[in-house]
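All chains, full assembly: derive it from the sequences and hints.
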Amino acid sequence: DTGVSQNPRHKITKRGQNVTFRCDPISEHNRLYWYRQTLGQGPEFLTYFQNEAQLEKSRLLSDRFSAERPKGSFSTLEIQRTEQGDSAMYLCASSLASGEETQYFGPGTRLLVL
Amino acid sequence: AQSVSQHNHHVILSEAASLELGCNYSYGGTVNLFWYVQYPGQHLQLLLKYFSGDPLVKGIKGFEAEFIKSKFSFNLRKPSVQWSDTAEYFCAYGGTYKYIFGTGTRLKVLA
Numbered sequence: 043d044t045g046v047s048q049n050p051r052h053k054i055t056k057r058g059q060n061v062t063f064r065c066d067p068i069s070e071h072n073r074l075y076w077y078r079q080t081l082g083q084g085p086e087f088l089t090y091f092q093n094e095a096q097l098e099k100s101r102l103l104s105d106r107f108s109a110e111r112p113k114g115s116f117s118t119l120e121i122q123r124t125e126q127g128d129s130a131m132y133l134c135a136s137s138l139a140s141g142e143e144t145q146y147f148g149p150g151t152r153l154l155v156l
Numbered sequence: 004a005q006s007v008s009q010h011n012h013h014v015i016l017s018e019a020a021s022l023e024l025g026c027n028y029s030y031g032g033t034v035n036l037f038w039y040v041q042y043p044g045q046h047l048q049l050l051l052k053y054f055s056g057d058p059l060v061k062g063i064k065g066f067e068a069e070f071i072k073s074k075f076s077f078n079l080r081k082p083s084v085q086w087s088d089t090a091e092y093f094c095a096y097g098g099t100y101k102y103i104f105g106t107g108t109r110l111k112v113l114a
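Chains E and S are the protein sequences, given in the same order. Going by our numbering, the first residue of the first sequence is number 43, and it counts up by one from there. Going by our numbering, the first residue of the second sequence is number 4, and it counts up by one from there.
The hints are simulated quantities; they were obtained by calculation from the structure and are not laboratory data. Every clue listed holds true.
What follows is a list of derived Cβ distance ranges for each label pair:
1. N49/E to S73/S: 44 to 50 Å
2. R80/S to T44/E: 28 to 34 Å
3. S73/S to L156/E: 45 to 51 Å
Derived contacts from chain S toward chain E, CB cut-off under 10 Å, selection only:
4. Q9
5. N35
6. Q45
7. H46
8. Q48
9. F54
10. F93
11. G97
12. Y102
13. G105
Positions of the beta carbon are idealized from the N, C-alpha and C atoms, including for glycine.
Following this line, the structure appears as C-alpha cells:
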C-alpha cells in the first residue's frame, strides 16, 4: 500500500519566484487536502478537493495560491510571486469519503523563500 | 470558531514513566477526534481516532485516549513510555472535511 507522496520534498526559492508542488494521494482516495504548517504550529487547512472539484478554500489561501486536481488523481499547488511569509511546510492529505473518514498525510514539501 | 487546545507544549519524561497529554476542543456537536504523531524526520502518522461508541480508544504502540464529552476532552495516555516515543503529538478535530489541529506537544523521552 503506497501512501501519499509529495514532490519536491524541499524547495528553496527567491522572493518573487513562482513555485509548484505536487501531491499524489492514495490511489482509491477521492478526497485530497492541502495544509500549511509553520514552526510551532499544527497544520492549518488550505483547501480540499472531492474528485476534481475544489470544494473549499481557506481565507489563508490568498490570490497568489492556486490548486488544481485536473483528473481527480494528483494535485498541484502553485504559489505565484512568493513572499518570505510563504516559507512553511506544505502538507497534502487524502481520504476516502465515508462516515468514519480518516485523512492520511504525505511527507510534506518544505518551502524556504529567501 | 472551532478550536483545539493542547496545553502541554513540551514534555520531558524518563523511560517507563506514564504519559498523559491534554487535548480540548471547542465544538459541541458531532465530533471526530484524532491523535497524530510525527517522529523526527517523518510525516504525520495516525495514532488513534474516535468517531463514536466506546469512549476509551486504543491505538498503535500502546497508546490510548479517552473521550470525555462533558469536558470536551480527548487526552492521550500511555502507561510506560519508551525512548522511541520521542516525537511531536498533535490532537485534531475532524469536521465535515477539514481537520482543526492543536499546536502540538513535543515529547522527549530520556533513556
